[in-house]
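Work out the full structure: start from the sequences and follow the hints.
Going down the list, the protein sequences come from chains X and W.
Under UniProt numbering, think of the first position of the first sequence as 1, with each following residue one higher.
Under UniProt numbering, think of the first position of the second sequence as 1, with each following residue one higher.
Misleading hints may appear alongside valid ones.
Claimed, not checked - Chain W residues, not near chain X, derived (Cβ > 12 Å throughout):
hint, residue
1, Arg5
2, Asp15
3, Gly37
4, Thr100
5, Gly116
6, Asp132
7, Thr143
8, Glu212
9, Glu293
10, Glu351
11, Arg355
12, Val391
What the hints assert, rightly or not - Calculated cross-link-like contacts (lysine to any residue; reagent style SDA-like; alpha-carbon spacing at most 20 Å):
hint, chain 1, residue 1, chain 2, residue 2
13, W, Lys354, W, Ser39
14, X, Lys354, W, Trp73
15, W, Lys354, X, Trp67
16, W, Lys354, X, Ser70
17, X, Lys354, W, Ala309
18, W, Lys354, X, Lys354
19, W, Lys354, X, Glu61
20, W, Lys354, X, Lys13
21, X, Lys354, W, Asp364
22, W, Lys13, W, Ala309
23, W, Lys354, W, Arg390
24, W, Lys354, X, Asp31
25, X, Lys354, W, Glu61
26, W, Lys354, X, Ala302
27, X, Lys354, W, Leu62
28, X, Lys13, X, Asp312
29, W, Lys354, X, Trp73
30, X, Lys354, X, Trp67
31, X, Lys354, X, Asp30
32, X, Lys354, X, Val32
33, X, Lys354, W, Arg65
34, W, Lys354, X, Leu62
35, X, Lys354, W, Glu68
36, X, Lys354, W, Glu69
37, X, Lys354, W, Arg390
38, X, Lys354, W, Gly381
39, W, Lys354, X, Gly71
40, W, Lys13, W, Gly381
Simulated from the structure, these hints should not be mistaken for laboratory data.
Every residue gets a Cβ at the ideal spot worked out from N, C-alpha and C, and that includes glycine.
Number of protein chains: 2
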Amino acid sequence: MSEPRDPAAEAGKLDAADALAALRERFVLDDVVYLDGNSLGALPAHVPARVADVVRRQWGELRIRSWEESGWWTAPERIGDRIAPLVGAAAGQVVVGDSTSVNVFKALVAAVRMAGEGRDEILVDATTFPTDGYIAESAARMTGCALRPVTPAEVPSALGGRTAAVLLNHVDYRTGRLHDLPALTAAVHAAGAYAVWDLCHSAGALPVGLDEHGVDLAVGCTYKYLNGGPGSPAFLYVRRDLQGRFDSPLPGWNSHAEPFGMTPAYAPASGAARGRVGTPDILSMLALEAALEVWDGVSVEAVRAKSLALTDFFLRCVGEYVPDGRVESVTPAAHAERGSQVALRCDDAGEVMKRLIGRGVVGDFRAPDVLRFGFTPLYVGFADVERAARVLAETLG
Amino acid sequence: MSEPRDPAAEAGKLDAADALAALRERFVLDDVVYLDGNSLGALPAHVPARVADVVRRQWGELRIRSWEESGWWTAPERIGDRIAPLVGAAAGQVVVGDSTSVNVFKALVAAVRMAGEGRDEILVDATTFPTDGYIAESAARMTGCALRPVTPAEVPSALGGRTAAVLLNHVDYRTGRLHDLPALTAAVHAAGAYAVWDLCHSAGALPVGLDEHGVDLAVGCTYKYLNGGPGSPAFLYVRRDLQGRFDSPLPGWNSHAEPFGMTPAYAPASGAARGRVGTPDILSMLALEAALEVWDGVSVEAVRAKSLALTDFFLRCVGEYVPDGRVESVTPAAHAERGSQVALRCDDAGEVMKRLIGRGVVGDFRAPDVLRFGFTPLYVGFADVERAARVLAETLG
Chain X
1 MSEPRDPAAE AGKLDAADAL AALRERFVLD DVVYLDGNSL GALPAHVPAR
51 VADVVRRQWG ELRIRSWEES GWWTAPERIG DRIAPLVGAA AGQVVVGDST
101 SVNVFKALVA AVRMAGEGRD EILVDATTFP TDGYIAESAA RMTGCALRPV
151 TPAEVPSALG GRTAAVLLNH VDYRTGRLHD LPALTAAVHA AGAYAVWDLC
201 HSAGALPVGL DEHGVDLAVG CTYKYLNGGP GSPAFLYVRR DLQGRFDSPL
251 PGWNSHAEPF GMTPAYAPAS GAARGRVGTP DILSMLALEA ALEVWDGVSV
301 EAVRAKSLAL TDFFLRCVGE YVPDGRVESV TPAAHAERGS QVALRCDDAG
351 EVMKRLIGRG VVGDFRAPDV LRFGFTPLYV GFADVERAAR VLAETLG
Chain W
1 MSEPRDPAAE AGKLDAADAL AALRERFVLD DVVYLDGNSL GALPAHVPAR
51 VADVVRRQWG ELRIRSWEES GWWTAPERIG DRIAPLVGAA AGQVVVGDST
101 SVNVFKALVA AVRMAGEGRD EILVDATTFP TDGYIAESAA RMTGCALRPV
151 TPAEVPSALG GRTAAVLLNH VDYRTGRLHD LPALTAAVHA AGAYAVWDLC
201 HSAGALPVGL DEHGVDLAVG CTYKYLNGGP GSPAFLYVRR DLQGRFDSPL
251 PGWNSHAEPF GMTPAYAPAS GAARGRVGTP DILSMLALEA ALEVWDGVSV
301 EAVRAKSLAL TDFFLRCVGE YVPDGRVESV TPAAHAERGS QVALRCDDAG
351 EVMKRLIGRG VVGDFRAPDV LRFGFTPLYV GFADVERAAR VLAETLG
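Have a look at this one:
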């Protein structure tokens, strides 16, 4: 059987066969092709009513009673447990709160402290989203470590007896490259160091397997593939057997064993709550909790399968429509090395993206020359993909 | 002219003469006497519609475009500038984001770094809300300083050539005592150290005068007297002439001079933005921005005058209604030493507060033996105060 030559017709067939296609109805969407869910996920349809209830009834009527009666106080752990299966973690190891940057700081400092005396070097992904590098530099400075930027491929040879911790990205924010979390984690452990993974571009996009692969600590954001809303709080994973040794550099009262005891001496809580700091931002947090309900009955494995089909199809459509050499994919072709986005390099990427957005295809631009397209299987279909590639070709032409 | 003997009649007269009485209509309130605005402020009436717009239109329709078109990106500085006049700061010195605990960490570490070599001691208010003490301990540990807890009264004699920074509360969270910010700041400066003030219980309750009194750094929460909603983001003040030396321990990408340059080398932004860290929690933040509109046309000085009248009247009603010795006020009688709350000590405070709440008078309990009543002049009236004291007397009887 020969491959269909008409991508539009093929898209129709793929959409008709897509078991996840109906999930699109769980979101507020219009006729724009939204390929920026790797920056800000679309709005789940039931979230506005839930947020309205939090504001009007929980805050407006119950007021202070909501800390207990509406479950505000326990939200960070409860929502953490809702995220946990999406990243392959058993309950009790994920807590929600603060920004990704703040959580990177907690995780990295805690990892260095776990490594102990004699280990005074932090390895950081040299291609990382910048904030991880900036925060790693501060964590190194404040723990008396040296910071050594290396590419993920160089990590195995860079590891040594001095290595305390390694901060890596599961998926590169710019290229969409998926790094080998199991192998790199094993290498870090073989060197006696601790692995901290940034899951911003993989949580909700593909299986992570934190428990299965023995990851030590991980952080991730919730406003990309988890659709939690603009700036929704990040999450922190601390493997259960390390929680007793998690020594936070931000020991706020929410992480105290007895937060309302109001004692001057700090005593850390047990479990995931040890990663908390101050009062949680309830509106953002409960919007996230509502948003996570779109995952009811959805497996990350099915999402991953569709994600690969979408990015495969996009690359094929681009190959079909866009003149050779006009753009170059910097996203790996191999499935094992690809996240849920496609990054195309072209010299005038900034201008091209503006025109694309003007024509209803929304991706984003990353300096200096990358067009970034994120594929969120919960609400992006194959016809969207075909249209995006077609409009891209017209825009580039 | 003799003082009226009937507190209920007096309350009516005081309410009739209250120029701020009409502000109550700006809030969603019921027949409960809400004296817990020092823990969670009441819901401003126009906030639900504004939050709904942020969710449905800004997030749901504009999506990623809102970072620019809806002013999301600049919200931390813009809202900081709205808070600034309420704490006596000129524009460009306050930024909103993160929790109070996280901001205490930023401010204290930055203060120690400003103090420089040879100054290796941090003084912290020994009676502080615990989180400040826990975070100060971490800041001390991570900057190689000793931490020395002292009462605010002991600060002048504890200051010396080793003192790097002093972390103080403007108003004590438990007793409601107002500390002498101008005099203590001057003493800290005379010793060559830096003053960090926690304004959680004074911002929005009384004039602070940050610029006037030369405060170096300050933090505060926005969900108490500023009514920003549960866990709304905190604020950080860095005096303008110190901003160039503000060396943050949490240098996230939002504080970079060129955040979208995606450069691996960190270069701090100028101005208040240097205090930012990661992506701001937009829903919580824009709810706060809307909430701050209740301050339109309202002066903090007028609020302070009414606050003192309310707490005076409450103490008088308690004296009238409650048998001598049944409760003891731990809030100073002198206006210059009183914040906007009254704290009453009684052995069975925990049980008493539960009964009070059951009867529609909402304050809170602070272990081990304190009944806390906060007075928010924007929506609490004198009849509320009389009723609270009367119900308290009945509850205690």
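We went through each hint and held it up to the structure:
With a least CB separation of 34 Å from chain X, arginine 5 of chain W remains clear of the 12 Å interface cut-off, as annotated. At the 12 Å boundary, the C-beta of aspartate 15 of chain W stays outside the reach of chain X, the nearest C-beta of that chain being 22 Å off. At the 12 Å boundary, the C-beta of glycine 37 of chain W falls inside the reach of chain X, the nearest C-beta of that chain being 9 Å off. A Cβ of chain X approaches the Cβ of threonine 100 of chain W within 12 Å, the least distance being about 6 Å, so the stated non-interface status is violated.
Chain X leaves glycine 116 of chain W outside its interface by the beta-carbon criterion, the shortest separation being 16 Å against a cut-off of 12 Å. With a least beta-carbon separation of about 9 Å from chain X, aspartate 132 of chain W fails to lie farther than 12 Å from that chain, contradicting its non-interface assignment. Distance check for threonine 143 of chain W against chain X: the nearest CB is about 8 Å away, which does not clear 12 Å, and the non-interface claim fails. The Cβ of glutamate 212 of chain W sits about 28 Å from the closest Cβ of chain X, beyond the 12 Å cut-off, so the non-interface label holds.
Listed as outside the interface, glutamate 293 of chain W is consistent with that label: its C-beta sits roughly 15 Å from the nearest C-beta of chain X, beyond the 12 Å cut-off. No Cβ of chain X comes within 12 Å of the Cβ of glutamate 351 of chain W; the nearest lies about 16 Å off, and the non-interface call holds. No beta-carbon of chain X comes within 12 Å of the beta-carbon of arginine 355 of chain W; the shortest separation is about 15 Å. Listed as a non-interface residue, valine 391 of chain W keeps its Cβ farther than 12 Å from every Cβ of chain X; the least gap is roughly 17 Å.
The hinted pair formed by lysine 354 of chain W and serine 39 of chain W meets the criterion: a straight-line CA distance of about 16 Å does not exceed 20 Å. With a C-alpha separation of about 19 Å, the suggested pair lysine 354 of chain X and tryptophan 73 of chain W falls inside the 20 Å cut-off, and the hint holds. Distance hint between lysine 354 of chain W and tryptophan 67 of chain X is fulfilled; the C-alpha atoms sit about 15 Å from each other, no more than 20 Å. Between lysine 354 of chain W and serine 70 of chain X the CA atoms are separated by roughly 18 Å; this keeps the pair inside 20 Å, and the hint holds.
For the given pair, lysine 354 of chain X sits about 58 Å from alanine 309 of chain W by alpha-carbon distance, which is inconsistent with the 20 Å threshold. About 59 Å separates the Cα atoms of lysine 354 of chain W and lysine 354 of chain X, which puts this hinted pair outside 20 Å; it is violated. A C-alpha spacing of about 18 Å is found between lysine 354 of chain W and glutamate 61 of chain X, which places the hinted pair at or below 20 Å, so the restraint holds. Between the alpha carbons of lysine 354 of chain W and lysine 13 of chain X the distance comes to roughly 63 Å, so the proposed pair goes past 20 Å and is violated.
Taken as a hint, the lysine 354 of chain X and aspartate 364 of chain W pair is broken in the structure, with Cα atoms around 53 Å apart against an allowance of 20 Å. The suggested pairing of lysine 13 of chain W with alanine 309 of chain W holds, with an alpha-carbon distance near 13 Å, which does not exceed 20 Å. Of the supplied pair hints, the one linking lysine 354 of chain W and arginine 390 of chain W holds, its CA atoms being roughly 16 Å apart against a limit of 20 Å. Distance restraint check for lysine 354 of chain W and aspartate 31 of chain X: the Cα-Cα separation of roughly 54 Å exceeds the 20 Å cut-off, and the hinted pair is therefore not satisfied.
With a C-alpha separation of about 18 Å, the suggested pairing of lysine 354 of chain X with glutamate 61 of chain W holds against the 20 Å cut-off. A C-alpha spacing of about 50 Å is found between lysine 354 of chain W and alanine 302 of chain X, which places the hinted pair above 20 Å, so the restraint is violated. For a cut-off of 20 Å, the pair hint linking lysine 354 of chain X to leucine 62 of chain W stands: about 15 Å separates their Cα positions. Taking the CA atoms of lysine 13 of chain X and aspartate 312 of chain X, the gap is about 15 Å. The hint holds against a cut of 20 Å.
Among the hinted pairs, lysine 354 of chain W with tryptophan 73 of chain X is consistent with the structure: their alpha-carbon atoms are about 19 Å apart, no more than 20 Å. About 44 Å separates the Cα atoms of lysine 354 of chain X and tryptophan 67 of chain X, which puts this hinted pair outside 20 Å; it is violated. With a C-alpha separation of about 19 Å, the suggested pair lysine 354 of chain X and aspartate 30 of chain X falls inside the 20 Å cut-off, and the hint holds. Restraint check for lysine 354 of chain X and valine 32 of chain X: satisfied, since their Cα atoms lie roughly 14 Å apart, inside the 20 Å limit.
Restraint check: the Cα-Cα separation between lysine 354 of chain X and arginine 65 of chain W comes to about 11 Å, which is no more than 20 Å; the hinted pair holds. For the proposed pair lysine 354 of chain W and leucine 62 of chain X, the alpha carbon gap of about 15 Å is at most 20 Å, so the pair holds. Straight-line distance between C-alpha atoms of lysine 354 of chain X and glutamate 68 of chain W comes to about 14 Å, which keeps the hinted pair within the 20 Å bound. The suggested pairing of lysine 354 of chain X with glutamate 69 of chain W holds, with an alpha-carbon distance near 14 Å, which does not exceed 20 Å.
Proposed proximity of lysine 354 of chain X and arginine 390 of chain W is contradicted: the alpha carbons are some 65 Å apart, above 20 Å. Annotation: proposed proximity of lysine 354 of chain X to glycine 381 of chain W is violated, straight-line Cα distance about 54 Å (limit 20 Å). For the hint pairing lysine 354 of chain W with glycine 71 of chain X, the CA-to-CA distance comes to about 19 Å; that is within 20 Å, so the pair holds. Between lysine 13 of chain W and glycine 381 of chain W the alpha-carbon distance is near 11 Å, which keeps this suggested pair within the 20 Å criterion.
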